[in-house]
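**Student:** Starting from the structure of chain A, add chain B with the ligands where the hints point.
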Amino acid sequence: MFDLSIFDGVIELLPEIGKATGETLLMMAICLTAAVLIGGSLGIAVFLTSRGQALARYRRFNLLANAVINVVRSFPFIILLVAVSPFSRHIVGTSIGPLAASVPLSLAAIFYFARLIEQTLRDVPRGVIEAAEAMGASPLQIVFHVLLVEARSGLILAFTVLTVSFLSYSAVAGVVGGGGIGDLAIRYGYYRFETDIMVATIVLLVVMVQSIQFLGQWLARRLDKR
Amino acid sequence: MTAVPHSPPAAIQLRGVGKRFTGSDGEAVGVAPTDLDVAAGEIHGIIGFSGAGKSTLLRLVNLLERPDSGEVIVHGENLTRMSPPQLRAARQRIGMIFQHFNLLHNRTVADNVAFPLRIAGASPERIRERVQACLSFVGLSDKAEAWPSQLSGGQKQRVAIARALAPEPHLLLADEPTSALDPRTTLSLLEVLDDVNRRLGVTILLVSHEMAVIRRLCHRVSVMEAGEVIERVELANGQVPPDSRLAQWLTEFGGASPTPAQAAGALEKESASV
Ligand SMILES: Nc1ncnc2c1ncn2[C@@H]1O[C@H](COP(=O)(O)OP(=O)(O)O)[C@@H](O)[C@H]1O
Ligand SMILES: [Mg+2]
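Order-wise, the sequence lines are chains A and B. For the first sequence, counting from 1, position 55 maps to 55 in our numbering; every step adds exactly one. For the second sequence, counting from 1, position 117 maps to 117 in our numbering; every step adds exactly one.
Isolated chain A (complex conformation) (with noise of 0.2 Å):
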């Protein structure tokens, strides 16, 4: 018979997998929240302040967000996590745990979505945006009604990768105490050596990828009208 015993240890666990994969779930709503609104406008703006765009002549500011992007997204990500750990007390009152941890990982995912989201709406093409110019669309009619329409396929594609990039990130949040899957890995299985529950949370985390995947491509394949 197949013998099921050897995930005892995983069965005994179920609570403790259940409670770190809402941690998870926690720190990528905060995180993603916090990309898609602070980072999509800032990369939404990025973009309408580039060379050519409706609103170059604020080439300053593009500059200065331009540069402010690169630096924060050359910190590598364990780094920014210890960096930040002060100022996470001060907004959360802690630093350490799944709301602690979320603020390094917003800081790197606003930055990180800006950038992915810039050079999305590069594929829009010039022609398709002076069209909309020359029919008198605002700037902000220009980003709702052509930009984020015509990107939307390659938006989702965007968010599917940010997504799927901060589980990952968020699974190092966990050595820092921010909780989580990834710190359950660690804490039993690789400092333990019950590999039952490594390969179960690790398990765990590559269903949970394939999902973002199979999901992002599949809506943004169905979006797409090109």
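None of these hints come from the bench; they were simulated from the model.
Pair ranges (Cβ atoms, derived):
hint: 1; chain 1: A; residue 1: A83; chain 2: B; residue 2: S149; range: 44 to 52 Å
hint: 2; chain 1: A; residue 1: W218; chain 2: B; residue 2: D35; range: 53 to 61 Å
hint: 3; chain 1: B; residue 1: R198; chain 2: A; residue 2: F144; range: 31 to 39 Å
hint: 4; chain 1: B; residue 1: F21; chain 2: A; residue 2: V175; range: 50 to 58 Å
hint: 5; chain 1: B; residue 1: A226; chain 2: A; residue 2: G127; range: 24 to 32 Å
hint: 6; chain 1: B; residue 1: D68; chain 2: A; residue 2: I79; range: 48 to 56 Å
hint: 7; chain 1: A; residue 1: V175; chain 2: B; residue 2: D68; range: 56 to 64 Å
hint: 8; chain 1: A; residue 1: R122; chain 2: B; residue 2: E125; range: 32 to 40 Å
hint: 9; chain 1: A; residue 1: V92; chain 2: B; residue 2: D68; range: 49 to 57 Å
hint: 10; chain 1: A; residue 1: L55; chain 2: B; residue 2: F21; range: 18 to 26 Å
hint: 11; chain 1: A; residue 1: V68; chain 2: B; residue 2: E71; range: 37 to 45 Å
hint: 12; chain 1: A; residue 1: V68; chain 2: B; residue 2: D35; range: 42 to 50 Å
hint: 13; chain 1: B; residue 1: G121; chain 2: A; residue 2: V175; range: 52 to 60 Å
Idealized CB from N, CA, C, for every residue including glycine.
**Tutor:** Only chain B with the ligands this time, still in chain A's reference frame:
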């Protein structure tokens, strides 16, 4: 008081309008300060070699290109003195079509035509009515729910014309509207543009490098070379005055068929390009 003879305001008046770009070799390119008067109801052509400044001159009319100098007056309104919101409102009364159509790919044909009305805040009833009327005008009522990628080049340009006509503009700017199309499709599109002018009374400013296109449609033509309008020519029934630079170009570069019928014929074969 003496009665002043009243004529309709000119559709376009450019007064000393110029735009300079610095080319890669440091040479100034663009359009030298130019005057242009286009009467209401006229089809005015702009012809010249590639890089002569035709598109720039056209784009100066709706201020897609900001002039370095001069004034742009469209139907009596001075666009160069307008605030951005005023300019956007004025642009809603000026249609524009392009060589590569520039349709929104992720919107249906009907939504493309509705686009200028939506951004102008038109009511749903008006949008429905205008979309229907404009699609029927260009003969594409049956394609309302199609996606642009499902259409041929000629059909895409018809959709672009319907979209430009939706807000009932008094002026249509056309930048090489047939240059991406085959001769037969070109001919049928020129019919549509002729209809836009005759039946709807829309003034058209048309850029083309193809003499046959200019001849088929235009009442007058501005000839451009190296950023300057070097000549203005009346084309009575497509006839090019024999003493003009344009006539000289035609003999030099071919395609000198003088009658409109022959000009249309020339389109079917190889369109005459200057
Ligand atoms: N935005 C721009 N920046 C720099 N140079 C430009 C720009 N637009 C046009 N030009 C230059 O101005 C000249 C005229 O261009 P254009 O009006 O497009 O010519 P045409 O439509 O007759 O082919 C060309 O030399 C072109 O390279
Ligand atoms: Mg051109």
